[in-house]
Amino acid sequence: MNTVLKILSEIRPEFDFSTSEDFIADGMLDSLDVVTLVSAIDKHYRISIAGTEIVPENFSSTAMIAALIHRNGGRL
Amino acid sequence: MILRFRGKKISSLVTVVPQHETRFEDELGNFNFSREKSLRLKRVMGFDRHRTVTGTTCASDLCLTGVRHLVSTGALDLDEIGALVFVTQSPDHFIPPTSNLLQGRIGLGRDVFCMDINQGCAGFVIGLIQSFMLLELGPIRTVLLLNGDTLSRRACQRDRNIYPMIGDAGSVAVISNDSAGLPITAFLQMDGSRCEALTVPAGGFRMPSDASTSIEIDVGDGNYRSKDQFYMDGPAVFSFVQTEVPPMIDAVLSAAGKSRDEIEYFLFHQPNKFMLEKLASAMHIDPARMPNNVVENYGNASSVTIPTNIALNLASSVTARTIPTCMAGFGVGLTLSALVMDLGPMTRCDLVEHQDVRQAVGVS
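In order, the protein sequences belong to chains A and B.
So for the first sequence, my numbering puts the first residue at 7; every next one is plus one.
So for the second sequence, my numbering puts the first residue at 46; every next one is plus one.
Warning: the hint list may mix true and false statements.
[Stated by the list, open to error] Cβ pair distances, simulated, as ranges:
(1) B/Ile260 x A/Glu59: 36 to 42 Å
(2) B/Glu81 x A/Asp22: 16 to 22 Å
(3) A/Ala31 x B/Leu84: 23 to 29 Å
(4) B/Ser257 x A/Ala31: 28 to 34 Å
(5) A/Glu27 x B/Arg251: 39 to 45 Å
(6) B/Ser254 x A/Asp28: 34 to 40 Å
(7) B/Ser257 x A/Asp28: 30 to 36 Å
(8) A/Thr58 x B/Asp306: 19 to 25 Å
These are computed hints drawn from the structure, not numbers from a lab.
Ideal placement from N, C-alpha and C gives every residue a C-beta, glycine not left out.
Using the sequences plus the hints, can you model the full thing?
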């Protein structure tokens, strides 16, 4: 989970992701941030998140992102 | 819908790009985002260089350069042409059809059937399908298929979602009958209920352009655009492509009776590097068989990315031998198109530059 938070803070260093319950609703990630995040996750965990799973709700919290990584074969 | 053809070929192909090239780094100052953030996006999306027209150069000008090139190299005999199909979202005017203008500028005969098709990223395959249908009509033995767009002229330079990926280009494909040609299988679907995902809202009769529609405003995500400019709902388009394209490829391959292994190259429309990488991954296609370098070198020129792909990556092989391919286009409409077809050997397959100078009337 700390790794996910670290990746998020590299993409949007101006936000504290540990205080938000919904990154999308709180305006902390836009669609191109999500693209950058997926690329970083793919590279770090050596996976390829399925394109059909790249939808806003899967990036709303660290728990949702962690579940996404797990579903796509990544080990947290 | 599945369509089947037999005995058709692309005899020659030329892609024309504007000479004017811009680098993404040189445009960073236009965007309302930090340099670091934009550069991260560059790596993921494949933004690097793109070719755009200057001044009032039109898509038809780029295509005319292509026609001249094919005539001057002996790959095109204008007397053989029975139809001219121009696929574009960048017409010269509302009235008359740009295909008619091109007929006059090229100097084609009055028996040539001219047709404009308003299509975007699916437009090369749709243009091929239309050309094949025209070739079924007896008197027409050769179709000149022109694809062209200059959407940089409709994109806001302060819109980082759109402008860095846009490229302008034109292409000319000579389509003719081929008695030895193998079966061709096409897939076509439209979903007009989602057409607002890609649109230029103003400028037509539904929302005429006026002073208010030309004002570029902050649309809330740091990007600027006006109602006269190109809008894309990125997440909706991404979801459409990732959800709909893999089943389309399965369907067209199944209808053609071919496996993925029998296809040498998957020549897909290239919206951006990330989207195509995700498609290749989802379909378990080796990226080497799905070239993905058009956006980084020239930009996304809508229906011209597939011809650019062929001219950029396959020119030497497609002029020497036959290549089993699966082409796919997807985008505005929303439209899905795919074609399982052998390409080559072509007489010519070139990529040339256009100088932004108003073309003289005529071909010679």
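Hints and how they fare:
A hinted range of 36 to 42 Å holds for the C-beta pair isoleucine 260 of chain B and glutamate 59 of chain A, which are about 38 Å apart. Under the hint 16 to 22 Å, the C-beta atoms of glutamate 81 of chain B and aspartate 22 of chain A, about 19 Å apart, fit the expected range. Distance hint check for alanine 31 of chain A and leucine 84 of chain B: the Cβ-Cβ separation is about 28 Å, which falls inside the suggested range of 23 to 29 Å. One distance hint, 28 to 34 Å for the beta-carbon pair serine 257 of chain B and alanine 31 of chain A, holds here, with the actual separation near 31 Å.
Checked against the hint of 39 to 45 Å, the pair glutamate 27 of chain A and arginine 251 of chain B passes, with Cβ atoms roughly 41 Å apart. Between serine 254 of chain B and aspartate 28 of chain A the CB atoms are about 39 Å apart, so this pair conforms to the stated range of 34 to 40 Å. Roughly 35 Å separates the CB atoms of serine 257 of chain B and aspartate 28 of chain A, a value that falls within the hinted 30 to 36 Å. For threonine 58 of chain A and aspartate 306 of chain B, the hinted distance range of 19 to 25 Å is satisfied, since their beta carbons lie about 24 Å from each other.
Comparing the model with each numbered hint stated earlier shows that all of them hold.
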